[in-house]
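Participant: Which chain is which? The protein sequence lines are F and G, in order.
So the first sequence is numbered by our numbering: it starts at 1 and just counts up by one.
So the second sequence is numbered by our numbering: it starts at 1 and just counts up by one.
Honestly, the hints are just simulated from the structure, not real lab data.
Heads up, some of the hints might be wrong.
These stretches of chain G come out as covered by chain F in the derived footprint (C-beta under 8 Å, 3 or more residues) [unchecked claim]:
no., region
1, 44-55
2, 262-273
Examples of chain G residues lying across from chain F (beta carbon under 7 Å, computed) [to be verified]:
no., residue
3, D60
4, P90
5, D172
6, G216
7, I219
8, V220
9, L222
10, P226
11, P253
12, F288
13, P418
From the derived model, a few chain G residues whose C-beta atoms are all more than 10 Å from chain F [what the hints assert, rightly or not]:
no., residue
14, N68
15, S88
16, E92
17, P135
18, I136
19, E185
20, K223
21, S224
22, D228
23, K230
24, L238
25, F281
26, E308
27, M315
28, P416
Even for Gly, the Cβ is constructed at its ideal location relative to N, Cα and C.
One letter stands for each residue in the lines below.
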Amino acid sequence: MLGARTTWTLQLTGINPFLALAVCGPLAFILGFILHRTLFRYLLSSSETSDIFEANSMLASFGLFFVIQNLALIAWGPEIRGYTYLAFPVEIAGALFGANRLVTAGFAIVIGTAFYLFLARTRMGKAIRSAAQDPTTAGLMGVNINHVLALCFGLGAGLAAIAGMLISMVYPVHGVMGLEYTVIAIIVVVLGGLGSIPGSFIGGFLLGIIGSIVTYIDPGLSLVAYYLIFTILLLVRPTGIMGK
Amino acid sequence: MGDKRITRRDFIRGAAVTGAGLVAASCAPAAEETPTEVPKEKIVVGMSRPLSGPLQVIGDSAFGPIYNRWVQEVNDAGGIYVEEYGKSLPIELKIYDDTSDVGTAVRLTEKLILEDKVDFLWPACGTAFIYAQAPIANKYGYILLTMEGGGTTITPMLPSLPYIFLSLSFSDWYELPVLADLLGEKGAKTAYVSYIADLHGIEYSAVAGIEFPKRGIEIVGLKSLPPDIKDLAPVINLAKASEADVFCCFAYPDQIMPAVGTSMGLGYNPKAWVGGPGVNFGFFQAAFGPAAEGLIGFTTFARGSSPELAAFADMLYADLPLEAQDWWGHPLYWAALETWKAAIEKAGTLNQDAIRDVLATETFDTILGPTWYENGLLAKDAHPGEIGQWINGVFEVVGPKDKATAEFVYPKPEWPAPPEE
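Same shape as in the complex, but just chain F:
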């Protein structure tokens, strides 16, 4: 939501939405990093077990969600905002697509691939993966856990801001838009397999394609289809498509 709102604000001054990326991504990263180094680090140090930390951090996250949402409502107001960008058809193999949708899809693929390569091929990526698998052992091996976790939190916030920027090119923007996309994102991540970037790619495409087909038949059944797939997958393969 913050990424989408910021992009909308910047485009009012004539700044191209893609250039807004240079502002939204780093700002959100810094915000996420600081939040982790302050609030969540405090929660981590004050929690006796990882279970308590998980519960407390979830509550804190929901609290933050409401605080940020209401601050945004105060700052930008409750009205729905939007703008038009690349809203014209492009023909590919006889089918018409909105140019803005093609660009957002392409951009999402590029960002996703870059992030995958970062996690798979870099030293920091390896540290992040090890911290995710076993933070205690990773810490004993010399990984600065607090720094890595804050980095992860910052990267998550940055990617969410970029997603908001891309969404704002296609959909309207308003103060309470965040939660609806969060629910879909959770389904995609669980569908693909927790911790698997290729799995999230596959899960996202799968959900999108099935959603479009079902919408074509009856739009009212699209959400039903999402949850049906989700339920079946949890029953048949609880770890997700690519989960281990």
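Dock chain G against chain F, hints included.
Facilitator: Structure of chain G alone, referenced to chain F:
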């Protein structure tokens, strides 16, 4: 301990003495009542509003700018004069958040009436909400002047809901008959109708199904949209494939705005593109700019409607951004509040029955001009307009023709051409 048994004689004697005492007490002159009521200092108005949730945007954009402004103006002028108290009373709002949930709105409405004992109720937001709220208000004898929401379903019930007054124009009062006239005159033959799967969408699509065929417009496609729909491309593709002259999206801004964006993206430019509520808001024009040209929505007025309405727009929108403008609801809500105030002053009391009688029978002078209610509905003859269209950056009234501020544009212009690199 002595044996103190009550004999039958003792019992009859006791009963006789008690009965005689009660008779004597009931025959005694009534004691003079001592005034215990606290002097009336304000009129408390209760509201269940969507301060959060999906309808928050509608609630804040539509009625929001009106009631805050109106209450401030009335209170700045000293309040509403109530003869019964011999003075003017300021209005105090008591607002609860119904979180955009009908069930919560119903519970809050009862709480406002039974626990808070507010003097008056102002309405919740949304067709389904006022449909649920109206019988409760009526049951407790509270006047409910509804604002944001249609009334096609509730209209047949109004004879049994004498405390309910509907201020907003809606599908068959008298928007879609006027729209069908306009389209029929221009030679539209087919329409594709998409609608949100709630009472608002159901009412509008149903009335379109009655009014369009009367003017020779065949409905070639009908699709319901869930409120949480994100990707409208399949629906727009279906509408495009139908080659319908008219595309209708009877939904909310959350669906209508992406529907317009998707229509542009897929190159779907029907001869008439109708959407509402949404197209009537300033934020629509702010978002789409030149691409909004020719889009049709529901309206009440334009600056060209009358000098009084132009002055009203200047007054209301002078300090508000373009996004906050609502050319459909704002004047009707303002006028409804004016009728409410005038009815209280005329009745000279806060008694709901007396005020209801005034509302139901009198004609009031409001920003719309002479304004009155016909069987609980704000008279359609008092509406300065029904159908609007963005023309040269202004949401003009194009129907009915005798109240139009601009000529109806049909077919609509092409979407703006893509930028040449």
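Participant: Next step is simple, just say for each hint if it's right about the structure.
Facilitator: Hint-by-hint comparison with the structure:
Coverage of a stretch by a chain is defined here by at least three residues with a beta carbon nearer than 8 Å to that chain's beta carbons; for the region 44-55 of chain G and chain F the count is 3, and the condition holds. With a cut-off of 8 Å between beta carbons, the region 262-273 of chain G has 5 residues touching chain F; three or more are needed, and the interface restraint holds. The beta carbon of G:D60 comes within 4 Å of a beta carbon in chain F, closer than 7 Å, and the hint placing it at the interface holds. Contact between G:P90 and chain F, as hinted, is not supported at the beta carbon level, the nearest pair being about 26 Å apart and thus beyond 7 Å.
Nearest Cβ of chain F to the Cβ of G:D172: about 24 Å, over the 7 Å cut. The hint is violated. The beta carbon of G:G216 is not positioned within 7 Å of any beta carbon in chain F (closest approach about 28 Å), and the interface hint is therefore violated. Nearest Cβ of chain F to the Cβ of G:I219: about 17 Å, over the 7 Å cut. The hint is violated. Annotation: G:V220 was flagged as interfacial toward chain F, and the flag is violated, the nearest CB pair being 16 Å apart, outside 7 Å.
Evaluation of the G:L222 hint against chain F yields a violated restraint, the C-beta minimum of about 11 Å exceeding 7 Å. Hint on G:P226 holds. Least Cβ distance to chain F is approximately 5 Å, under the 7 Å limit. The criterion of a C-beta within 7 Å of any C-beta in chain F is met by G:P253, whose closest approach is roughly 5 Å, and the hint holds. Proximity of G:F288 to chain F holds as hinted, the smallest CB-CB distance being about 6 Å (cut-off 7 Å).
The interface hint given for G:P418 is met, as the beta carbon of that residue sits about 4 Å from the closest beta carbon of chain F, less than 7 Å. Its beta-carbon lying about 13 Å from the closest one in chain F, G:N68 satisfies the requirement of being farther than 10 Å from that chain. Listed as a non-interface residue, G:S88 keeps its Cβ farther than 10 Å from every Cβ of chain F; the least gap is roughly 32 Å. With a least beta-carbon separation of about 23 Å from chain F, G:E92 lies farther than 10 Å from that chain, consistent with its non-interface assignment.
Look at G:P135: its CB is around 28 Å from the nearest CB on chain F, clear of 10 Å, so calling it non-interface holds up. No Cβ of chain F comes within 10 Å of the Cβ of G:I136; the nearest lies about 27 Å off, and the non-interface call holds. Every CB of chain F lies more than 10 Å from the CB of G:E185, the least distance being 31 Å, so the non-interface label holds. Against the 10 Å criterion, G:K223 falls within the reach of chain F, whose nearest CB is about 6 Å from its own CB.
Some Cβ of chain F comes within 10 Å of the Cβ of G:S224; the nearest lies about 6 Å off, and the non-interface call is violated. Listed as outside the interface, G:D228 is inconsistent with that label: its C-beta sits roughly 6 Å from the nearest C-beta of chain F, within the 10 Å cut-off. A beta-carbon of chain F is positioned within 10 Å of the beta-carbon of G:K230; the least distance is around 7 Å. Consistency note on G:L238: stated as away from chain F, yet its beta-carbon is not over 10 Å from all of that chain's, at 7 Å minimum.
Listed as a non-interface residue, G:F281 fails to keep its Cβ farther than 10 Å from every Cβ of chain F; the least gap is roughly 8 Å. Under the 10 Å C-beta cut-off, the non-interface status given to G:E308 relative to chain F holds; the minimum distance is some 27 Å. Every C-beta of chain F lies more than 10 Å from that of G:M315, the closest at about 20 Å, which supports listing it as non-interface. For G:P416, the non-interface assignment is contradicted: its Cβ lies about 8 Å from the closest Cβ of chain F, within the 10 Å cut-off.
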